[in-house]
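There are 2 protein chains.
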Amino acid sequence: MSNIREIAKKAGISIATVSRYLNDNGYVSEEARKKIQVVIEELNYTPNALARAMFTKNSKTIGLMIPNISNPFFNQMAAIIEDYAKNMGYTIFLCNTDDDKEKEKNYLEVLQSHRVAGIIASRSQCKEEYVNIDIPVIAFENHILDNIITISSDNYNGGKIAFEHLYQRGCRKILHIKGPQCFEATELRYTGFLDAAKAKNIKIDIVEFQSDFQVKMLEVDKKSIKNIRDYDGIFVFNDIAAATVMRFIKKSGIQIPQEVKIIGFDNSFIGELLYPSLTTISQPIEKLGTMIVQLLIKLINGEEVLIKDYIIETQLIERETTKVFKL
Amino acid sequence: MSNIREIAKKAGISIATVSRYLNDNGYVSEEARKKIQVVIEELNYTPNALARAMFTKNSKTIGLMIPNISNPFFNQMAAIIEDYAKNMGYTIFLCNTDDDKEKEKNYLEVLQSHRVAGIIASRSQCKEEYVNIDIPVIAFENHILDNIITISSDNYNGGKIAFEHLYQRGCRKILHIKGPQCFEATELRYTGFLDAAKAKNIKIDIVEFQSDFQVKMLEVDKKSIKNIRDYDGIFVFNDIAAATVMRFIKKSGIQIPQEVKIIGFDNSFIGELLYPSLTTISQPIEKLGTMIVQLLIKLINGEEVLIKDYIIETQLIERETTKVFKL
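Protein chains in written order, with numbering that gives the first Met the number 0: chain D, 0 to 326; chain Y, 0 to 326.
Okay, chain D solo, but in the shape it has when bound:
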């Protein structure tokens, strides 16, 4: 197999010069250029990503840590990130962390050893583990360290919008099914929802799910919902959890939206598939995914990027689960 050393030898030129030529990052004389081109054609050389990575320190790979690939929001986001990164010349290492600190820590080591050019850490469960990482990192949702950019939707305001919609639809006996405390995003949805309810003097009952959607959890979490008939409005922390709650409600013989109205969060595709279709708060997945990749590549290229929280607007998507029922 041809490599840089072989090219240098055949062309009678130093390895450093061939490297500068191949990576287009420094002076190469016209004479050397011609010699290298002839040899490259002779050897039928295709640059090897590994070799290039060792010379340029840019492996053109990004480590993408996703907490739960089975959650439609995160698999839509992974597809968008993968697609956009590919157009930018980067390949994605997929790491499914299951919101597990040990798994994430282990992946951090693997990604470093593969010398990825950058890391996207979605809903990170780690903090100090990132202190000595000398690879650019972008955080999605959960904050990691002060010097790491965090991107997220406006979850607090999304929670407020969710309450105001249920209230405006006439709901007064309201349940919020919240996510685990270690999810910053769903904590903000919860706070926004409660603050908006307080402003209208409405008391909210709370049930906490212990994890993001997991196939094996389908039945477990629903046991925590007692007296489901007491409510006329329910806000669930994400769409896929809302789907499981909707099944539970329908199975109990309760009519949606006639007897109870439901609102989710994410605007992932699952909501459009359900019957009735799910009203939700939209996170702009496309915008989030491309912004994450753009900022990360800027960091990789050493461009100046403002280290701050980037917060993207959320909005109401009205569907059938909150329709006003006409007699």
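I should point out that these hints are in silico values taken from the structure, not numbers from a laboratory.
Keep in mind that the hints are not guaranteed to be accurate.
[What the hints assert, rightly or not] Result set (BS3-like, lysine-lysine): computed pairs, CA atoms no more than 30 Å apart in a straight line: (1) K286/D / K102/Y; (2) K250/D / K172/Y; (3) K59/D / K102/Y; (4) K104/Y / K59/D; (5) K104/D / K297/D.
[To be verified] Selected chain Y positions facing chain D (Cβ under 10 Å, derived; list incomplete): (6) A78; (7) E81; (8) K85; (9) C125; (10) I239; (11) M245; (12) K249; (13) F268; (14) E319.
[To be verified] Stretches of chain D that chain Y covers, calculated by requiring three or more beta carbons in the stretch to come under 8 Å of a beta carbon on chain Y: (15) 68 to 75; (16) 85 to 95; (17) 246 to 253; (18) 272 to 280.
For each residue, glycine too, the CB sits at the ideal point set by N, CA and C.
Could you slot chain Y onto chain D? The hints should help.
This is chain Y only, laid out in the frame that chain D set:
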């Protein structure tokens, strides 16, 4: 950053010896071993995957081509492959091909340039593009070349089981919604279903969807289903497509399973989430995922593996969409 060259220099030992030591693949004298260990501790050396890959020709990475990460079957499978591969010391490059030949071809080049140790090609749309690939490949579902192992579920028999179940539940006016012709697996489901119907002298109406589930296709395919009220039994080529069809049926005011019974294929988590829950034919995702990785790693390690079709049994999973309705 410490590297193999630095270790060799400090230890006063050849690079080849250090490489043999680090990769545990050849004789290293006890004396050399001790010297290397002292230097490694001094330098606080962690082996670099790129350097190791260049020395051992095993990058410990696997390229996973998935046709559609938003299909719950494929995202469950990706999670299982990623998890199992990680336990075997491999990291996964995720490639979402969208069942697009050009995208797949392009990814093949990217994966080669990254010198992945092996490739998993799910539902490949390519053939001759794999002729000159000197990296071990395992195909899932679609066959590629005679010298490439193909793993799949027993889709033909699954199709037969699907028909027999609908027939046994009393369905006689039956519709099959089939997948695109370029999906070998769903073509076999279709053939098995039709053969079983022929044996019982039942005529089957056919509608063909033009792609796997795509968010943007949610409404498009359903337009091809005319006269939905004519049927008392429907077999849909996969669970996620069945979910979209179920929404269409419920929206039309038709009762499932009282007026029409539905059966899907995959046993992906979506079926348990729906109301009524979806009867389906199970593909053993866990078994398929681990078997794919096991066989691929055997090929990577140069172990002998029989080149043939590996076909895993499918079975009926009865749920609510085919329940007998009691008056």
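Restraint satisfaction for C125/Y [CB to CB of chain D, less than 10 Å]: violated (17 Å)
Outcome, coverage hint (the region 85 to 95 of chain D, chain Y; C-beta under 8 Å; three residues): Our answer is that it holds, as 7 residues pass the Cβ test (under 8 Å) against chain Y, meeting three.
Given hint K102/Y paired with K286/D - CA-CA distance at most 30 Å: It holds: about 22 Å lies between the C-alpha atoms, which stays within 30 Å.
Per-stretch coverage check for the region 246 to 253 of chain D, three Cβ contacts closer than 8 Å to chain Y: It holds: at least three residues are needed, and the region 246 to 253 of chain D offers 3 whose Cβ sits within less than 8 Å of chain Y.
Minimum beta-carbon distance criterion (10 Å), F268/Y to chain D: The hint holds - F268/Y has a Cβ within 10 Å of chain D, the shortest such distance being about 4 Å.
Proposed proximity, K297/D with K104/D (alpha carbon, max 30 Å): At roughly 25 Å apart (the allowed maximum being 30 Å), K297/D and K104/D satisfy the hint.
Per-residue hint verdict: I239/Y, partner chain D, C-beta under 10 Å: With a closest approach of 8 Å, the I239/Y hint holds.
Chain Y covers the region 272 to 280 of chain D, three or more CB atoms within 8 Å, holds or violated: Contact hint for the region 272 to 280 of chain D vs chain Y: holds, 4 residues under 8 Å.
Restraint status (C-alpha distance of K59/D to K102/Y at most 30 Å): holds (18 Å)
Given pair status - K59/D, K104/Y, alpha carbons within 30 Å: holds (19 Å)
When the least beta-carbon distance from A78/Y to chain D is tested against 10 Å, hint result: holds (5 Å)
Status of the K249/Y interface restraint (C-beta, 10 Å, chain D): holds (4 Å)
Against the hints set out earlier in the document, a violation occurs for number 9 only.
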